[in-house]
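Residues per chain, in single letters:
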Amino acid sequence: MGLGLSDPSDEALLAAYRSGESRAFEILLGRYRGPLFNFLLRSSRDRGRAEELYQDVWMKVIERCDDFRGDAKFSTWLYAIARNLAIDHRRKMKFRGHAPLDATQPRTGQSIGERLGNPGPSTEQLAIGGLIRARIGDAVEELPEEQREVFLLRQLQGLAFNEIAEVVGVPANTVKSRMRYALERLQGLLSDLEESDEL
Amino acid sequence: MNCDECKEQIFELIEQETIDPDGVRALLARCPDCHSLFDETKAALRTAAMLPLEEPPLSIDAAIVRAAAERVPTQRPSGWRRLQAAPWAMAAVALLALGIGVWTLPRGGELEGSDGFVGKREAHGELIARDELGDASSQEPVIAALEPAPARAIGGAEADAPATGLETASSRSARAKQRAGAPVAPAVARQVAGARKASPEAAAPRLAAQERKEDAIAACQRRVAEHEGAEQDEADATIDAEQALALGECYQKLGKKTKARRWLTRAAGEPVTKLRAEQALRGLDAE
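Line by line, the protein sequences are chains A and B. Position 67 of the first sequence, counted from 1, bears residue number 66 in numbering that gives the first Met the number 0, the numbering being contiguous throughout. Position 264 of the second sequence, counted from 1, bears residue number 263 in numbering that gives the first Met the number 0, the numbering being contiguous throughout.
Think of the hints as simulated: they come from the structure by calculation, not from any bench. Note that the coordinates shown come from a computational prediction; the quantities given were computed from them, not determined experimentally. Hints are not guaranteed to be accurate.
[Said to hold, decoys possible] Example chain A residues on the side facing chain B (calculated, C-beta under 8 Å, incomplete):
#1 8
#2 19
#3 24
#4 26
#5 33
#6 36
#7 53
#8 133
#9 136
#10 146
#11 173
#12 179
Each residue gets a CB set at the ideal place from its N, CA and C atoms; glycine is no exception.
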């Protein structure tokens, strides 16, 4: 495997890592760290938990990289692991019934307790762009789970519909439908932004 | 195309994945409703693109990179990779070995067996070669991680669960390769496979089948005699799974059920021969 290639594929990088080139793993991590973390963040709706999941996903990749077969894309394999771990997390949270008080919030990175001691949002947070983005983030989190995961995989990672179908285990047409419903719902949730011409 | 079909494809048109872009565009040009939906969908996608993104903590990335660096590669060390740099030489060696094998292996010995028995010579190399060549018979589900998330105990062990149901020749050979230390280079596998087709070895399965019919009992008698003539403890300790299975099946053919059961049970304890040994044990029970 030539890491000297200008743009080695993910699969080639994983193969190189498996044969002992840890630099290849770093490149893979660099490619996916942002989208994967945001996928987990919006899936778990809890920054602290997202960080745990993020670490868990990569640990699974390290542990199980020998199981990866070259007839699939690395991205679909990675997100399938991430999705499974996120689903497990949600199952556990159902028993709790609510987020723990020490859980941090996706938008602020602060726990509820920390925010109680905070006199108010910073100037930066008050910026209109920031508020709009926060509204969008909230709206995405309000999407039904099935729609949200499809939306995030498409929006954050740019996976093709058939790749998303592999990750979530449904036909590609179902994925497209879910994406359409997600967009319709977002339109509804954010219609006031459009009406007030803030966008 | 009607409006309903058009509306279904508007999103795909924007995402450049529609199957009939011209049809959608034509209808958009003449239908105000459809065009309105098109504009709304585009606006929604623009809005969605503003989803705020956050960064994972660098400290976690650093910990992950450390963990990744500490993993011991299961593939062959670099010294072996240097050997792999001459695939033609490996293919030549493989050819030579196969050629010698044809003339030196006892007929009906290693290739001997009952239904489903894979001769020892065939077991790994052939499967690997077939796997690397994308043999149609090794079609299988894509990846273990795509299995639906199974229910599991809290503690997060789901991804460690064995990919049951995906156990195929290909996956088994992949694991065999891992155990051996490294995958066979595809080029080498192709050369070996190609060479096998052209060599007398290609006729080996046919010969073995014929010999099975003609001389199965005699071959088993030879095998058993060889085994029983050897120092038992030493011989028993060195017998691998395939040999144990073959021995068990021979004892079964010769009507020595106790010994057959002993060796088949041993073979059933090894993943590589488990299914075949269990099948043989069922046959033994039925006798």
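Do the hints match the structure? See the list:
{"no.": "1", "hint": "8", "verdict": "16 Å, violated"}
{"no.": "2", "hint": "19", "verdict": "4 Å, holds"}
{"no.": "3", "hint": "24", "verdict": "4 Å, holds"}
{"no.": "4", "hint": "26", "verdict": "11 Å, violated"}
{"no.": "5", "hint": "33", "verdict": "6 Å, holds"}
{"no.": "6", "hint": "36", "verdict": "4 Å, holds"}
{"no.": "7", "hint": "53", "verdict": "5 Å, holds"}
{"no.": "8", "hint": "133", "verdict": "7 Å, holds"}
{"no.": "9", "hint": "136", "verdict": "5 Å, holds"}
{"no.": "10", "hint": "146", "verdict": "12 Å, violated"}
{"no.": "11", "hint": "173", "verdict": "13 Å, violated"}
{"no.": "12", "hint": "179", "verdict": "5 Å, holds"}
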